[in-house]
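Q: Here's the letter readout for the chains.
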Amino acid sequence: EAQVTQNPRYLITVTGKKLTVTCSQNMNHEYMSWYRQDPGLGLRQIYYSMNVEVTDKGDVPEGYKVSRKEKRNFPLILESPSPNQTSLYFCASSSPGREQYFGPGTRLTVT
Amino acid sequence: QKEVEQNSGPLSVPEGAIASLNCTYSDRGSQSFFWYRQYSGKSPELIMSIYSNGDKEDGRFTAQLNKASQYVSLLIRDSQPSDSATYLCAVNPRSYNNNDMRFGAGTRLTVKP
Numbered sequence: 004e005a006q007v008t009q010n011p012r013y014l015i016t017v018t019g020k021k022l023t024v025t026c027s028q029n030m031n032h033e034y035m036s037w038y039r040q041d042p043g044l045g046l047r048q049i050y051y052s053m054n055v056e057v058t059d060k061g062d063v064p065e066g067y068k069v070s071r072k073e074k075r076n077f078p079l080i081l082e083s084p085s086p087n088q089t090s091l092y093f094c095a096s097s098s099p100g101r102e103q104y105f106g107p108g109t110r111l112t113v114t
Numbered sequence: 240q241k242e243v244e245q246n247s248g249p250l251s252v253p254e255g256a257i258a259s260l261n262c263t264y265s266d267r268g269s270q271s272f273f274w275y276r277q278y279s280g281k282s283p284e285l286i287m288s289i290y291s292n293g294d295k296e297d298g299r300f301t302a303q304l305n306k307a308s309q310y311v312s313l314l315i316r317d318s319q320p321s322d323s324a325t326y327l328c329a330v331n332p333r334s335y336n337n338n339d340m341r342f343g344a345g346t347r348l349t350v351k352p
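Chains as they are written, first to last, in the working numbering: chain X, 4 to 114; chain F, 240 to 352.
Everything labelled a hint here was simulated from the structure, so no lab data went into it.
Computed from a prediction, not measured in an experiment: that's the story for all the values here.
It is possible that part of the hints are untrue.
What the hints assert, rightly or not - Among chain X residues calculated to face chain F with C-beta under 8 angstroms, some are:
#1 Ile15
#2 Leu46
#3 Gly106
#4 Pro107
Claimed, not checked - Cross-link-like lysine to any residue pairs, in silico, SDA-like; alpha carbons within 25 angstroms at most:
#5 Lys306/F to Pro99/X
#6 Lys281/F to Arg101/X
#7 Lys281/F to Ser85/X
#8 Lys281/F to Glu56/X
#9 Lys68/X to Lys306/F
#10 Lys281/F to Val57/X
#11 Lys60/X to Lys306/F
#12 Lys60/X to Asp317/F
#13 Lys281/F to Val55/X
#14 Lys281/F to Pro107/X
#15 Lys281/F to Lys72/X
#16 Lys295/F to Asp317/F
#17 Lys281/F to Gly43/X
#18 Lys281/F to Asn76/X
#19 Lys281/F to Met30/X
#20 Lys281/F to Gly108/X
#21 Lys295/F to Lys68/X
#22 Lys60/X to Arg341/F
Note that CB positions come from ideal geometry on N, CA and C, so glycine has one too.
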C-alpha cells in the first residue's frame, strides 16, 4: 500500500529535550516536506527536500532541522523544543508538480 | 496579500444542496491546483487536481479553474453530512522544479441533515 508514515503519532515532552519525528514514504517520491498546522493559521511549510541531500527552508524553519540521507526518509529534528512548537505536524511527499500525499500527523506538546 | 486566499467560513448548507468553495491566488504563473479535504485532527486527503482552465468533474465534485482571474473553485453537489470538513485549496507556483506548494487557510463546511 502506497503511504507516508510518521512516528510517533503523539508526543508530550519538556522544554529543551531533543526529539526526532520520523517520516518515511514508499512511493519513490523525489519531493518531501514538513508542515505544521495551528488553529487559524492553516498549513505552514517548515522545510522541504527536492531529493537526497537537497533540503531548503520553508516559511517557518526556526527551531527545526531536517536531513535527507535516503530518498524514502525525511526526519524532523527539534534540537531544543519550546512550548511555541506545540502543534500538529504533517509530513508529505510527491512527485514534482503533482499532488502531495500526507502522513497521518504527529501531535506534539511541549511543556 | 496572501498567496492563497480562502473564505474561512464556516459555510453551512442543507443536505442535498450544492456547496461552493472559492479560492484566489496571487502568482499568475501558477501551474497546478488542488483541493484537499481535512477532517478534524486528520491529515489532508486529495479531492481534486486541476491543471488547465475550465471544469473538471469527478462524481459529486467539480473543480473550476480560471487562470485569467486567478480563481479556482470546488462545487460539491448533493452535499452529505459526511462532507462536513475543512477544505484546503493548494497552489503550486510557476516553477516545475520548485515544488513549493502553497495552502490556503481552509474553508470549514458544515452540511446540516
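Q: Given the hinted pair Lys281/F and Lys72/X, is their alpha-carbon gap at most 25 angstroms?
A: Violated. Lys281/F to Lys72/X sits at ~28 angstroms, over the 25 angstroms cutoff.
Q: Has the given pair, Lys306/F with Pro99/X, been kept, meaning a C-alpha gap of at most 25 angstroms?
A: Holds, at about 21 angstroms.
Q: Holds or violated: Lys295/F with Asp317/F, Cα cutoff 25 angstroms?
A: OK: Lys295/F and Asp317/F at ~17 angstroms, within 25 angstroms.
Q: Verify the proposed pairing of Lys295/F with Lys68/X, using a straight-line Cα cut of 25 angstroms.
A: violated (39 angstroms)
Q: Regarding the pair Lys281/F and Glu56/X, is the alpha-carbon distance no greater than 25 angstroms?
A: violated (30 angstroms)
Q: Can you confirm whether the C-alpha distance between Lys281/F and Pro107/X stays at or below 25 angstroms?
A: Roughly 7 angstroms separates the two Cα atoms, so the pair holds.
Q: Would you settle whether the hint for Pro107/X is holds or violated, based on the nearest Cβ-Cβ distance to chain F being less than 8 angstroms?
A: Because about 5 angstroms separates Pro107/X from the closest Cβ in chain F, which is inside the 8 angstroms limit, the hint holds.
Q: Do the alpha carbons of Lys60/X and Lys306/F lie within 25 angstroms of each other, as the hint requires?
A: violated (28 angstroms)
Q: Given Ile15/X as an interface hint, is the shortest Cβ-Cβ distance to chain F below 8 angstroms?
A: Violated: closest Cβ of chain F sits about 16 angstroms from Ile15/X, beyond 8 angstroms.
Q: For the hint on Leu46/X, does the least C-beta distance to chain F fall short of 8 angstroms?
A: For Leu46/X, the interface hint holds, since the closest Cβ of chain F sits about 4 angstroms away, which is under 8 angstroms.
Q: Measure nothing beyond the straight line between the CA atoms of Lys68/X and Lys306/F; if it is 25 angstroms or shorter, mark the hint as holding.
A: Measuring from Cα to Cα gives roughly 36 angstroms; hence the hint is violated.
Q: Between the alpha carbons of Lys281/F and Met30/X, is the straight-line distance 25 angstroms or under?
A: holds (21 angstroms)
The structure fails hints 1, 8, 9, 10, 11, 12, 13, 15, 21 (numbered hints given earlier, in ascending order).
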